[in-house]
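Protein chains in written order, with my numbering: chain A, 280 to 395; chain B, 280 to 395; chain C, 280 to 395; chain D, 280 to 395.
The hints are simulated quantities; they were obtained by calculation from the structure and are not laboratory data. Misleading hints may appear alongside valid ones.
All copies of an identical chain are treated as equivalent in the list; a pair is satisfied when it fits inside any one copy or across any two copies.
Okay, derived cross-link-like pairs now, BS3-like style, lysine-lysine, Cα gap no bigger than 27 Å in a straight line [unchecked claim]:
no., residue 1, residue 2
1, Lys-339, Lys-379
2, Lys-374, Lys-296
3, Lys-296, Lys-372
4, Lys-372, Lys-339
There are 4 protein chains.
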Amino acid sequence: MADSLIDLSRQLDQFAKDREWLQFHSPKNLASALVVEAGELLEHFQWLTEEESRALSPEKRDAVGTELADVLLYLIQLAMALGLDPIAAAQSKLKLNELKYPVDRARGNYKKYDEL
Amino acid sequence: MADSLIDLSRQLDQFAKDREWLQFHSPKNLASALVVEAGELLEHFQWLTEEESRALSPEKRDAVGTELADVLLYLIQLAMALGLDPIAAAQSKLKLNELKYPVDRARGNYKKYDEL
Amino acid sequence: MADSLIDLSRQLDQFAKDREWLQFHSPKNLASALVVEAGELLEHFQWLTEEESRALSPEKRDAVGTELADVLLYLIQLAMALGLDPIAAAQSKLKLNELKYPVDRARGNYKKYDEL
Amino acid sequence: MADSLIDLSRQLDQFAKDREWLQFHSPKNLASALVVEAGELLEHFQWLTEEESRALSPEKRDAVGTELADVLLYLIQLAMALGLDPIAAAQSKLKLNELKYPVDRARGNYKKYDEL
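Go ahead and model the full structure; you've got the sequences and the hints to work with.
Structure follows, in structure tokens:
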């Protein structure tokens, strides 16, 4: 796993071991926890217009940051549980997306984007 | 934003700019996309037992890695759109969790975990 | 369970029994399946503006209807598995909402709405 | 829309009109709200074993019922906003599932189930 996430993953591993929580951290459960946190993240935006979502108050922005952190913490724990490197996986996926959405055909075209 | 995610965030920014997609990338839309991908991640586990989820085949593990990558890519884009540093946010949240779940009271106790 | 859902719940029960699938239909798994389908429903809207979402093409509207059906089918199965009556639960919740959001204070006020 | 849901849909429509909330109820927003509530529903199950999820305490069962109600209330509002009949859509989908999963091939076979 790449540099900046290594510290986090070590701390999370120690955190769970200290509390004897690894028994609850099956990939199935971690994937559930991740989607639950992603829902809490979306909750902040559900009644906002797109414009409003681009201009959050500092308090709201911090609250969103906390939910985003929760998603990332479960993502790292899920990756650890499965022996996956999230940065390497993201780099591979980004390369795929570059093939899937050639610049000249995808430019400004959310319909194509939407259909894939 | 910390080291290993900086490359990814730059590449994602360029990717979206080249395709003129930033217009679609409001925080509201990115949060929706993130939860949609989190759902696709969970889909791989929904009918598995916890034990089965701890012993995925290599193919299934790769497929899960691709969905996990999608979640991370939207998470980074959402953080950029809001000017948040995901690693710093995760470190802060982890500190909060250490206060919230003292080792001696939280040990092996998923009920407390569950109720917060 | 109220009238129109009774037929559906009976058919779903028979469907699962015929295929010996009740063993997979723990409330935990059904709740996962429900959120996965809810994500697929949201996927249709993630890059649309609100205005566009109010004016779907007939094909898109049908596709959304199919995802909405999937959510409802899992919702009914989860209710059955737990011995809950979804219509009665919805009526109770609606009464609570009437107390929680008095007309004169909630009128046109999404902020209050948002904060609860 | 079929019988038992008609009352609910009328009440919900009046509820939103009285509060001038229809302006916030675009299909895009309602689909977001639905997935947020589905996440809250799943939250009750995320650290439970499947067995535990089959044997909820009465208090937990009621709490789950409230979240399930929230999902249903948004589902009905989304169906209304799009002019869809959720019961008819569910009946059509169930018919499709009967073709997709023939009894003799699907029996006890979650793998096939999982792959579709």
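Hints not upheld, ascending by number: none
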